[in-house]
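Based on the hints, put chain B in the right spot on chain A.
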Amino acid sequence: MNILELKYTIPGDDFTRAGEASSAIKRKLKQMGFPPDLIRNVSIATYEGEINSVIHANGGSVSVSIDDEAVTIVIEDTGKGIPDIEKAMQEGFSTAPDSVRSLGFGAGMGLPNMKKYTDEIHVESQVGKGTKVTMKCRMT
Amino acid sequence: MTIRDISKLLNCKVLGGDDNLEHTVHTACGSDLMSDVLAFVKDQAVLLTGLLNPQVVRTAEMMDIVCIVFVRGKTPSDEVVKLANERNIATLSTTCSMFEACGRLYADGLRGGVLV
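Sequence lines, in order, name chains A and B.
Residue numbering for the first sequence follows our numbering, beginning at 1 and increasing consecutively.
Residue numbering for the second sequence follows our numbering, beginning at 1001 and increasing consecutively.
Isolated chain A, as found in the complex (with noise of 0.2 Å):
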């Protein structure tokens, strides 16, 4: 049984906007007592992942529900879609334009981060259409 279920819009078109929802999820989870190492973890993945659906996709959606075993964390586009995922996950690859670079994002550490700080990320995309990223960070 899902214990919460959180929902926000990441606007597109204002960088200087990208991570508000994380911000508002990382509070909550906060408010809820859980342990800080968890907190971290999704505060980081949905952050790295807000960040890249600013870049590549004009916005999207971040959902996180929790449960007793994990927090689920799914952030969801209507962009571009990446053509190669095996590719996007490797460090250091990036398609990100400069004006990103310049704002300190942009080097290939996204998809890796967000793999790094989970125990679970699977991504599905499709070319033109959008990509969802799933992620879970486990209780223990």
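Certain hints may be false.
Said to hold, decoys possible - Distance windows between CB atoms, simulated:
1. M139/A to N1088/B: 23 to 31 Å
2. N1088/B to L4/A: 21 to 29 Å
3. Q1044/B to S99/A: 28 to 36 Å
4. R1104/B to M139/A: 26 to 34 Å
Claimed, not checked - When the alpha-carbon atoms are kept at most 16 Å apart in a straight line, the in silico EDC-like pairs for lysine to aspartate or glutamate are as follows:
5. K116/A to E91/A
6. K136/A to E120/A
7. K30/A to E5/A
8. K1008/B to D1064/B
9. K116/A to E1100/B
10. K28/A to E1100/B
11. K115/A to E86/A
12. K1082/B to E20/A
13. K30/A to D1064/B
14. K28/A to E5/A
15. K1008/B to D1018/B
16. K115/A to D1036/B
Just so you know, the hints here were simulated from the structure itself, not pulled from any lab data.
This structure is a prediction, so every number in the text was calculated from the model and none was measured.
Glycine included, every Cβ here is placed at the ideal spot set by N, Cα and C.
Frame of chain A, contents of chain B only:
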């Protein structure tokens, strides 16, 4: 080392978070690449950076970073300082370069974080 110690070592101007100056800092990270900051777990860390956008504060927030030092005499906008204040993150500005700032803190005993 406390945030006040860092402020003294780097001759910082305190931009926000005066109430947090006695907080202890255990580790430090110097980077203009926020994704690299997100790749290291640190405990009670300070972030040194030359970037000034709100994503610096967001990144610090996600990593539980307690203090941001803006290097090379840069000062972020009031909105960025306000966002940091709201998240209880102290903000300092130093005229030191990144290299100089990191070197001074390292020489005084501060160390880097742990690779995941």
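We went through each hint and held it up to the structure:
1. M139/A to N1088/B: 23 to 31 Å: About 26 Å separates the Cβ atoms of M139/A and N1088/B, which means 23 to 31 Å holds.
2. N1088/B to L4/A: 21 to 29 Å: Because 24 Å falls inside the window, the suggested range holds.
3. Q1044/B to S99/A: 28 to 36 Å: This hint holds: roughly 33 Å between Cβ atoms.
4. R1104/B to M139/A: 26 to 34 Å: Violated, since R1104/B and M139/A (Cβ atoms, about 42 Å apart) do not stay within the stated range.
5. K116/A to E91/A: Since the Cα atoms of K116/A and E91/A sit roughly 11 Å apart, the hinted pair holds (cutoff 16 Å).
6. K136/A to E120/A: 5 Å, holds
7. K30/A to E5/A: 15 Å, holds
8. K1008/B to D1064/B: 23 Å, violated
9. K116/A to E1100/B: Violated: K116/A and E1100/B sit about 31 Å apart, past 16 Å.
10. K28/A to E1100/B: 39 Å, violated
11. K115/A to E86/A: It holds: about 12 Å lies between the C-alpha atoms, which stays within 16 Å.
12. K1082/B to E20/A: 15 Å, holds
13. K30/A to D1064/B: Distance of about 12 Å is within 16 Å: holds.
14. K28/A to E5/A: 11 Å, holds
15. K1008/B to D1018/B: 13 Å, holds
16. K115/A to D1036/B: 14 Å, holds
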